[in-house]
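J.: Spelled out, the chains give:
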Amino acid sequence: MKLKTNGFGVSLEDLQALVAEGLSGGGDWCDLFFEYSAYTSLMLRDGIVSSGGCHEDYGCGIRVLNGEKTGYAYAESTDMRALRKAARSAASIASGGSVKACGTPHSVECPHNLYPARRDWREVESAAIISTLQRIESEIRRRESRTLKVMATFSCDMSEVLMFNSLGELTQDLRPMGSLAVTAIFSNGKKVINNNASRSYRAGAEMLGDSVVNALVEEVVRGIDEAFEARRPRGGKMSVVMGAGASGILLHEAMGHAFEADFNRKGQSVFSERMGQKICRSGISIVDDGCLPGNRGACNFDDEGVPGQKTYMVTDGVLTSFLHDRISAKFYGVAPTGNGRRESFRYNPIPRMRATYMENGSDGSVEDLIASVKKGIYVDRFSNGQVKIGEGDFTFFVKSGRLIENGRLTAPVSDINIIGNGPRALADIRAVASDLTIDEGQWTCGKEQSAPVSCGIPSVLVEHLTVGGGQ
Amino acid sequence: MITKEDKALVRQCIAMILAQGADAARVTLNRSVEELVATLNGEVDKVTRCEDSSLALDIFIDGRFGSFSTNRTQADALESFVRKAADMARAMEPDPLRKLPAAERKAADAVTGLEAGLYDAAQEAVTPAQRVQNALKAAAWGKCPAPEGMVLLSEEGEYSDSCNDNLIMDSEGLECCHTETSFDYGVEVTVADAQGRKYSGYAWDSSSRAEGLDAEGCGRRALERACARRDSPALPGGQYTMVVDSEVAGKLVTPLLNALNGYSLQQGNSFLDGSLGQKIFADGMTLLDIPRTKGLQGAKYYDSEGVATADKPIIEGGVVKQYFLNTYMAGKMGMAPTVESATKVKMMPWPRSGPEQARDRAALLRRCRSGIIVTDFNGGNCNPATGDFSYGIEGFLFEDGVLVRPVDGMLITGNMKILWQHFLAAADDARPCLSKLIPTLAFSSVDFSGE
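Protein chains in written order, with my numbering: chain P, 1 to 471; chain D, 1001 to 1451.
The hints are simulated quantities; they were obtained by calculation from the structure and are not laboratory data. Do not take every clue at face value.
Stated by the list, open to error - Straight-line alpha carbon distances no greater than 25 Å define the calculated PhoX-like cross-link-like pairs of lysine-lysine that follow:
| id | chain 1 | residue 1 | chain 2 | residue 2 |
| --- | --- | --- | --- | --- |
| 1 | P | Lys69 | D | Lys1137 |
| 2 | D | Lys1251 | D | Lys1300 |
| 3 | P | Lys447 | D | Lys1436 |
| 4 | D | Lys1099 | P | Lys149 |
| 5 | D | Lys1417 | P | Lys190 |
| 6 | D | Lys1046 | P | Lys447 |
| 7 | D | Lys1251 | D | Lys1321 |
| 8 | P | Lys149 | D | Lys1436 |
Please read these numbers as outputs of a predicted model, since none were measured by experiment.
Start from the sequences and build out the full structure, keeping to the hints where you can.
T.: Laid out in structure tokens, this is it:
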């Protein structure tokens, strides 16, 4: 049988031999993850693009499972001696027991390519990217005379992946990623503020069009007057209306991590014992989706060779699924959900989110939600978040928003942290609008390893969150 | 350890870059080996072996600059990569400020890699069986019972040892190397109370030496910390005296270091712009960079440009003494270069003598009498342009110098400059393994948001 093993210089026989080496200690699963990634970046600063570079990373990770226990090692070459050494290291997780045989190699085809790059990043001249970065700066300066500095960064990554496992499944993926990020500094003579925006897609160079430039510029200059006026609210518990899109960070931090099955398998998550229970009001459905074409969280296959899929974690208010890799799926006796992801061949896969969002509700518009709040806050821009899995306590940092007083948006606010508890916040979602937006920013999740993700949400009203502020 | 072959490889890479017509080049070799054993509930759960080696290339060509890296170091792959890298560097826009540091700034005393005293040959002799023993030694599972009313649900532990080598050379004769071993333990436990509410706790220890680590203490302390969180509702919001435990106090220093870095200052994205030589903070605040303390974890004799580090004050008596300016940023700002960033930061105790001096956390709590001690941060951020911050916290209410009850779900909010103007005291209890040697700190009048 002739199956392509890509450009990694290994034959099918080599793959089988490595799996056999991995299983030689009595392990019951072995998989190989070959990866070649080329990352390019260019940065505009002070009006010129005078720094940039390319970074390549090449190697193969070998994992052996013995029940739920993991042996992992990697080699930064595909020389068989180095790979065999890594396989032997990984095999040490098992000792004794019958030695399993590797399955007959067969190719697993991708049902639908979610990121067909029409223009390969490897063929794009630096000059074209430099011109895009310069256009971003000149547009920002044209639109906003108070601009002090603009930093614009372009990065792209092309990652070739080949996976093979002890079932004999051979999987290949070519993963493009293109990102643009802008930070601008503005001054009105009395105060200096910053603003930033980013866009990131699993796409080729076709993303570098007018629309992405215009969207970035618009987002960076939007709300500058308010930002100069912004102040800290008086802190305390209050109602929070979270605007559609980037507010999906609420789902990622407050619920998504706690639904990752490794935390539940180990009894650590606040949701460990709540499968099948009603955890929020009817009508709320929360999804983790690897199938959004071109999305930063899209996966043709996850990093265990499982096809990308859409997973309902909460269906009509009921907890219906955790996010599984192969280990947790076997533990729970369910099919893997395609969430076994890793930063690179240097890491073993673990359950990770992809694009996490809430489906539309039926409680009207964002204006209706705001109108229903007597005293609270509306938030629409965020920078980062965090969660404590066991306690369920989460936070996210708000870059900008407005006070809500008697149903109306009033004074602008900025730079406040919001803290809450995942299960309580879920139960305290009082209204969900019908304006679902998937945010297209450069979100990266940092659970042990970095992974590109995205998030989205319709506008929601959450009661009883604690908002940082003056006293 | 850096070998002759490593140096030959780096020299060969520099020659390849110059052969492409470059004016100058700097090449850094980074190599590490790490072995790790993780446990789950007192049993081995994962073993990993990591071996990394990569080259980072800084290319100065036709008045242009680019930085590149690869882990494919075979001659043919490297040659092809260097060719592409040189082409890409040529595509950048010209920038006359991109250059190697002046010869007199470069380190000349990091010759063997052992000068910082951070290498322990015992790392090479650790066997797989010893690693398993070490990992199990740190676990509390089956050894330390949870207190009455609490159940130990889960314990994840980890032992690892590693050796990291760094070699940096440039086309103008720079040659520096550094070798460092590390031995690390970490344990995280999750417990539940009778109502099923879960609490977690973490403890760790680390050293460049195999000896002297408190492995057994990690599991025990993690369990104690988790159990101490039981029933920890937020307090009413208000202004409190804040004590910050040494384990996490570095979080309040990081924004200051970022704001003193040329990359922030030059872009106007720093709340400490124009602060050099100015008294910005409270009298008692003295922050040093001590990269040359032999044997101190994190010490290093040179920065990423090969520039010699030096023991110097960053802030002294509240006065800003140093910006961190690499060659490029110093050129842009028209100032004298220093080093790229702080290497090993140490905050001096305050007061340094007299009856008000508090050497450790307990003494500092007694001195402050009442307030909130922060033992961990939960998220948050600091705006680099304004210094406005907001962080989630957990900790304990203390009264008459004694912990009264745990608190959780609260936030501190303020401005970094003002916070450090309200600096009251620093103890002298920073563990040497902390990346920043920041002791337990105390501040007055901090805004806490809560119930």
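J.: Would you list, in rising numerical order, the hints stated earlier that this structure does not obey?
T.: 8
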